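Asks: If you want the building blocks of each chain, they are given just below.
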Amino acid sequence: MTEASWRPAAELGTLRARADLLARVRGFFARAGVMEVETPVASRAAATDPALESLRTAWAGPGAAPQPLYLQTSPELAMKRLLAAGSGPIFQVCKVFRDGERGRLHHPEFTLLEWYRPGWDYRRLMEEVAELVRTALERPRLPVETLSYQELFQTPLGLDITGLDAEDLCRAALRQGIAGAEDLELSRDGWLDLLLTHRIESGLGRGCLTFVCDYPPSQAALARVRDEPEPVAERFELYLEGMELANGFQELTDAAEQRRRFSADLGRRAAVGMSGSPPDEAFLAALEAGMPESAGVALGIDRLLMVATGRRHIDEVLAFPVERA
Amino acid sequence: MANYSTNEFRGGLKVMLDGDPYVIVENEFVKPGKGQAFNRVKVRNLKTGRVVEKTFKSGESVEAADVHDTQMQYLYNDGELWHFMDPESFEQLTADANAVGETVKWIKEQDVCGVTLWNGVPLSIEAPNFVVLEITETDPGLKGDTSGGGGKPATLETGAVVRVPLFVQTGELIKVDTRTGEYVSRAKDG
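Chains as they are written, first to last, in the numbering used here: chain S, 459 to 783; chain F, 8 to 197.
Rather than coming from a laboratory, the hints here were simulated on the basis of the structure. If you're wondering where the values come from, they're calculated on a predicted model, not measured in any experiment. For every residue, glycine included, the Cβ atom is placed at its ideal position computed from N, Cα and C. Each hint should be verified, as a subset may be incorrect.
Short derived list, chain S residues pointing at chain F, Cβ under 8 Å [claimed, not checked]:
no., residue
1, ASP507
2, ARG560
3, HIS564
4, GLY638
5, LEU642
6, GLU702
Work out the full structure, taking the sequences as your base and the hints as a guide.
Replies: Here it is, written out as structure tokens:
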């Protein structure tokens with residue numbers, strides 16, 4: 459530890475900007491009639507998504523044996539239980555935790571804004587996301603562009619991904635000159651992620667809010683899949699200044715389908731040697747009891763603050779990054 | 008040899024890629040929220056000096072390169088190889104022209120140099136940051152000019168050519184910064 463390491467990494471002015479930004483966010487939802495809620499940070503169920511790894515802790519009641527608790531990777535499942543209980547529209551600002559992630563745009567704990575709109579369709583929610591970001595950044599005229607996931611590859615790379623398999627996409631990555639691609643073993647979605655992160659992402663949302671919507675069903679996560687000749691997941695992402703800022707869904711409300719996705723996720727985790735915990739039965743029971751059709755979204759507050767303050771590294775907007783925590 | 012996982016990647020780490028030793032120059036973690044995590048790295052080939060990009064799936068590991076830096080005294084050149092000695096163990100090693108590279112024009116016998124060893128063989132030799140060398144040839148400057156403005160080329164005892172102020176003459180010792188190849192000052196004897 460260096461001598462100066464007790465000091466905050468962020469300038470005090472940036473922490474002030476964080477407080478002001480959060481005040482504008484809360485004001486936005488107060489005006490919109492969306493209720494702020496809190497749900498547990500530590501839960502008995504871990505994330506099942508193979509792209510996420512939960513941090514683990516343990517809890518022991520008085521005189522009892524400790525049982526594992528997992529720090530939330532997002533408050534999604536608990537908030538959906540509130541929706542099923544009839545909460546109406548709700549939002550939450552909370553800390554979430556992801557193991558194994560660290561970099562310029564990643565920190566193992568970060569602040570997420572998550573909200574749900576029962577009775578809304580995801581397209582309408584995308585408009586509200588744009589309004590929220592404009593309000594938070596005090597940039598009321600920030601323009602919006604919307605691309606489908608397929609168009610995302612078409613415009614910058616001239617690549618039509620329809621019908622391309624993993625091998626085709628590997629060749630596309632090599633044509634794009636992505637160094638080391640020849641040594642990678644990836645799934646179809648893995649190759650798409652490689653092209654996205656290496657050749658597309660940094661150009662997205664430059665001076666505007668770029669929404670990407672309608673994802674391949676294999677990347678549906680917890681979004682509803684729309685049956686069309688070419689089925690798409692009703693999912694969207696928001697990019698601003700080259701950063702992924704938000705991810706939203708037309709929420710899956712079908713308990714049986716949800717159970718199938720959980721077990722498919724756990725199967726994929728097991729196949730690559732990741733730990734798995736049983737699915738969240740309380741959440742599945744809430745879906746069985748009936749969750750209203752809803753649209754929901756999660757937005758990274760730290761990255762939004764980076765845009766607001768013109769910072770390049772997430773550490774510059776955190777009081778104490780993990781190395782000084 | 009040990010392995011390094013991508014989560015240990017950082018600038019300065021030495022790794023083996025395609026049979027060659029590399030040093031990591033830059034490491035960037037990229038990951039879509041719901042997708043595959045990658046480490047995008049810039050690495051420098053320690054044999055050729057070339058910098059290339061590489062991408063790894065996060066969580067993969069690569070073999071560590073048995074590369075370390077040490078200080079050794081330059082003894083002599085036998086016409087083909089350069090001989091160095093560890094000042095503590097007195098162990099001697101030879102380096103070829105490839106490893107010595109441009110450094111050859113700055114070093115003379117007895118100098119203590121930085122040596123990067125890979126599996127015990129010198130990969131590269133670094134001259135001390137500052138060396139004192141004798142001028143073997145330079146035009147006599149104009150009499151009375153002590154301003155140093157303009158300057159002139161001077162050939163040093165090792166064959167290197169540096170720009171020196173007009174008032175510095177053949178036979179004098181000068182101090183040179185080997186990182187920039189620039190004249191620093193006149194030097195006292197020795």
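Asks: All hints, please: hold or fail.
Replies: Cross-check of the supplied hints:
Hint status for S/ASP507: holds, given a least beta-carbon distance of 7 Å to chain F, under 8 Å. With its C-beta approaching chain F no nearer than about 6 Å, S/ARG560 sits inside the 8 Å limit, and its interface hint holds. A hinted interface residue such as S/HIS564 counts as satisfied when its beta carbon comes closer than 8 Å to some beta carbon of chain F; here the least separation is about 6 Å, so the hint holds. A distance limit of 8 Å between C-beta atoms decides the matter here; for S/GLY638 the minimum to chain F is near 4 Å, and the interface restraint holds.
The beta carbon of S/LEU642 is positioned within 8 Å of a beta carbon in chain F (closest approach about 6 Å), and the interface hint is therefore held. Using the Cβ-Cβ criterion of 8 Å, the hint placing S/GLU702 at the interface with chain F is satisfied: the shortest such distance is roughly 6 Å.
Going through the hint list in order, the structure satisfies each hint without exception.
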